[in-house]
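Participant: Listed here are the chains, written in short residue letters.
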Amino acid sequence: MALDPAYLEYPRRRHGYDHDLYPWSALHQRPPVAWPGGKGVAVWLCVSLEWFPILPQDAPFRAPGHMQTAYPDYRHYTAREYGTRIGMYRLLDACAKAGVRMSVATNGAIAERYPQLVREIVEAGHEIIAHSTDMNGTIASGLPIEEERALIAASLDALQAVTGTRPAGWLSIARSQSWNTVNLLEEAGLSYCCDWVNDELPWRFANGLINLPLNHELSDRQVITVQQQSVDSYARQIEDACDWLAGEARSHGGRMLPIHLTPYISALPYRIDAIDALLARLAARQDTWFATGGEIAACWAGQVSA
Amino acid sequence: MREGAGDPGLYDFQPYRGRGKITWPGGKTVAVWVAPNLEYYEIDPPAHPRRKAWARPHPDVVGYAHRDHSNRVSHWRMAEVMSKHGFPGSVSLSVALCQHHPEVVADGAARGWEFFSHGIYNTRYAYEMSEEQEREIIADSIRTVREATGQTIRGWLAPALTHTPRTLDLIAEMGLDYTCDLYHDDQPQWVKVRQGSLVSIPYSLEVNDHYGFFVYNMSPREYADTLIRQFERLAAEGEQSGTVMCIPLHAYLIGQPHRIGPFEEALRHIAADGRAWIARAGEIVDAWKGQQ
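So the protein sequences, as listed, match chains V and B.
Note that our numbering gives residue 193 to position 128 of the first sequence, counting from 1, and the numbers run on in steps of one.
Note that our numbering gives residue 239 to position 228 of the second sequence, counting from 1, and the numbers run on in steps of one.
Honestly, the hints are just simulated from the structure, not real lab data.
For glycine and all other residues, C-beta sits at the position ideal for the given N, C-alpha and C.
A portion of the hints provided could be inaccurate.
What the simulated footprint calls covered on chain B by chain V, stretch by stretch (three residues with Cβ under 8 Å from a Cβ of chain V suffice, anywhere in the stretch; the number is not a length) [as the list claims (entries may be wrong)]:
#, region
1, 54-67
2, 144-154
3, 271-283
4, 293-299
Construct the entire structure; sequences and hints are all you get.
Facilitator: Dropping the structure here:
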């Protein structure tokens, strides 16, 4: 018994990465970044606003949170809609109360179906990030490049039709990309994506696109839904993270705390009070700067050479 | 091992009662070692007939990027906290990291850390390798770590915990003297090998941060409490005969901003207790061998 000899060959064993998508760089060896007002921690609240068709598609894969029972899956279809009809308004109120702005990663279908909600989000000063078409709009290698290009354009067109502005940011469903995605996003005129969770500050791909890392480990989906922890534990973890990053900021320069929330997870009646209180406490700190993804990316880009 | 037998014949039954007393330097009751896994996962590795590297089509962006976080961000954070409280690392190293990110390896070496091999990449599995192929990855490991750090590796933690029936025999034959792949004891134990000798040093899956966070779904504070409980019990039992506690880590897990603070409290607790002999794997193996 033996493996194919090629299995013991390593053609990309070299300094840097085994790919050319972005250059190797360690955070602690980079020049420090400064945020406005000398704040230590940029807090980026990002909410995913999604529409799940009751007819799920499995190509390239079924999105997290999608339908689970045999057709018709009323329970998941309507529970996700609850997040959009009710929960999103609770999150808008929580931001207003705390006096902070957020990014809302929005499916194009939300703009087509519920333009009033999207306009209210924009009027409150929040940023719209493009988040595919609907929750069947998943991306992975194997999706034909023309279909992926069309999916990105359809998402941007639908959002722009309602907001009047072409989104600058992109979040893929489940942060999943194909080998083509980084180039297609750049070609579509986007300035940043949020999918690569390898860092805690923005960085650039080789093609110039910025990556603004939206840490999945700090998301309500990961902590509450996957790891089955309480919202109180979630709030504690976010504040522990903020404390740590604020400490690092004092010696290493500005840090970023991404908080990724989902209306149908965090904005339920028994959880939203803890989220309200968390945002209020974070906003009251002297060392935090709440900003949208676009603002953080632009502030960072203004300080580093391309 | 005895290939094909129900009992692989790795060791004799040696019950916890009636063993000779193990003593650690300075009269400490528990030898504590920290084992950061410094790994490189390939974005597009070749397929292995027995195991898929990634759950998704390549590139598995979250899977790859999460692990990349270790090298870009969290290694540095974790290492600083370990050094601050006096814990050296004994590194389970994907040796290709010496080529890809030598800065990370050099940082560990400068902190006085010990390196052992965790294979070439954590995306290349040993299952179904021929004896010659397996010898090649062991020789590659010895050569690569020697060139990068000047150290001669003594230990092995199989890449992604993938073995062949020959792994333990081959590492012993090629001069390594400890394995981290067996989980049957809280004290070092001899392992039966074809030629030479080999010691099993207690590693741990149960208090591995990967199990803590993704098998048992612990919060950061629950995991820190788990480490303290593990320590308290092993330190107490170690009054009868010295025990070993290993804390196996992955920077991309323990070095996340919401986890590192509670983890630092666990290290602070262990360092302040007074019963811990904080050591490297090779020192623990040597101290134990000296009493056999």
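Participant: Can you take a look at whether the region 271-283 of chain B is actually covered by chain V? Rule is 3+ residues, C-beta closer than 8 Å.
Facilitator: holds (count 3)
Participant: Examine the region 144-154 of chain B for residues whose CB is less than 8 Å from any CB of chain V, and state whether their number is three or more.
Facilitator: holds (count 3)
Participant: Are at least 3 residues of the region 293-299 of chain B within less than 8 Å of chain V when you compare beta carbons?
Facilitator: Contact hint for the region 293-299 of chain B vs chain V: violated, 0 residues under 8 Å.
Participant: Are there three or more residues in the region 54-67 of chain B whose C-beta lies closer than 8 Å to some C-beta of chain V?
Facilitator: Holds, because 6 residues of the region 54-67 of chain B bring their Cβ atoms closer than 8 Å to Cβ atoms of chain V.
Comparing the model with each earlier hint shows a violation of hint 4 alone; every other hint is respected.
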